[in-house]
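> Quick note on numbering: the UniProt record's numbering labels position 15 of the sequence shown as 15, and the sequence is numbered without any gaps.
Take the hints with a grain of salt, since some may be wrong.
[Unchecked claim] With a cut-off of at most 30 Å between alpha-carbon atoms, the simulated DSS-like pairs for lysine-lysine come out as follows: (1) 208 x 93; (2) 259 x 244; (3) 177 x 5; (4) 51 x 67; (5) 279 x 208; (6) 114 x 50; (7) 51 x 177.
Since the hints were made in silico from the structure, they are not lab data. Keep in mind the model is a prediction, meaning the values are calculated, not measured.
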Amino acid sequence: MKTSKDTPLYKFNTNTVEVIRKEYNLHNEGVIEELITSFEDWIRKQNHFKKRDFDRRYLETSIISAKGSLERAKNTLDKLCSLKSLQPHFFSKCDAKKELSDTSGLIIQGTMQKLLPNDYRLYLLKFTSADFNTSTFLDFQRFTILMSEYAKLYDYSMGYTCVIDCRDVNLMSLLPKINILDLRNGMTILIEGYSLRINAIHLISASKAVEALVALLRQVISAKIGNRIHVHKTLESLYNHIPKEALPEDLGGNEKTIKEVYENWKNVLSSEENVAYFKDILRAGTDEKYRLVDKYNDQILGMPGSFRSLSVD
Numbered sequence: 001m002k003t004s005k006d007t008p009l010y011k012f013n014t015n016t017v018e019v020i021r022k023e024y025n026l027h028n029e030g031v032i033e034e035l036i037t038s039f040e041d042w043i044r045k046q047n048h049f050k051k052r053d054f055d056r057r058y059l060e061t062s063i064i065s066a067k068g069s070l071e072r073a074k075n076t077l078d079k080l081c082s083l084k085s086l087q088p089h090f091f092s093k094c095d096a097k098k099e100l101s102d103t104s105g106l107i108i109q110g111t112m113q114k115l116l117p118n119d120y121r122l123y124l125l126k127f128t129s130a131d132f133n134t135s136t137f138l139d140f141q142r143f144t145i146l147m148s149e150y151a152k153l154y155d156y157s158m159g160y161t162c163v164i165d166c167r168d169v170n171l172m173s174l175l176p177k178i179n180i181l182d183l184r185n186g187m188t189i190l191i192e193g194y195s196l197r198i199n200a201i202h203l204i205s206a207s208k209a210v211e212a213l214v215a216l217l218r219q220v221i222s223a224k225i226g227n228r229i230h231v232h233k234t235l236e237s238l239y240n241h242i243p244k245e246a247l248p249e250d251l252g253g254n255e256k257t258i259k260e261v262y263e264n265w266k267n268v269l270s271s272e273e274n275v276a277y278f279k280d281i282l283r284a285g286t287d288e289k290y291r292l293v294d295k296y297n298d299q300i301l302g303m304p305g306s307f308r309s310l311s312v313d
């Protein structure tokens, strides 16, 4: 992969691959290809993996997310496969249009097509109503997982800069609707399983209740990421951190609205090709009775319990 090809959801800077590989000392000829081949060899020996044939692009983005460390990439893939068996309800839906709730009137999300100048991708989340329930919020998280699987196959970036727009919702009504257990488990899947790397979280709200949202988020993410949360009462404050022209139209920028970004994501994720791929990749769990090691510390997944006593149909 000398360059990344644009997709209906992603566009790349002209030297994205070169810059990122150099950042992680992977730029010399043949280095990344050799690491991917070693990764494939290791996967074939993992008897507990239900799937052992991963696309080489998937493995390369896994290595990139691990900052060039093959051992870290192996550990992360093992976590993700284990989580697919430990928390199967997060991975049970493959078609964003036919199987997931339409959250467009409640919560919308997506990433901007263009990378930021620093090769981070801009993730957008907008709350439009507090009138949702646990089931709707779970489907929102399932949508995020489908986005993450698509990214593992097609994206090439340094990570994510996140913007959460809360201007149109009553936060005091919203916060009690969020299931903290599902939120914590969902964030564990994204950060520990998909190796989601976040350089900043920007919350937009003039409400005093935004501090309660910050406190909630800090309960489900690491202190390191928690310290990267910024609160903005105005859009002008946000522009000090993110180029205005890179933002969607409804945040004062030049790009498509958040709703248009969300609809584009939903359409692409629901294509016949992607749904077929999701059906396969979301089943890539583990069968722990075939694990070669004597012990596996599932506490590193952020979940209680023992994999050795886990029974999954």
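> Residue 51 and residue 67: Cα distance at most 30 Å?
Within the cut-off at roughly 24 Å; holds.
> Next pair to validate is residue 208 with residue 93; report whether the Cα-Cα distance is within 30 Å.
Violated, at about 36 Å.
> Can you confirm whether the C-alpha distance between residue 51 and residue 177 stays at or below 30 Å?
Answer violated: residue 51 to residue 177 is near 36 Å, above 30 Å.
> Would you check the hint for residue 114 and residue 50, treating anything up to 30 Å between C-alpha atoms as holding?
35 Å, violated
> Holds or violated: residue 177 and residue 5, Cα atoms, limit 30 Å.
40 Å, violated
> Run the distance test for residue 279 versus residue 208: straight-line Cα separation, threshold 30 Å.
Between residue 279 and residue 208 the Cα gap is close to 43 Å, so the pair fails against 30 Å, i.e. violated.
> Against the 30 Å threshold, does the CA-CA distance of residue 259 and residue 244 hold or violate the hint?
18 Å, holds
The structure shown violates the earlier hints numbered 1, 3, 5, 6, 7.
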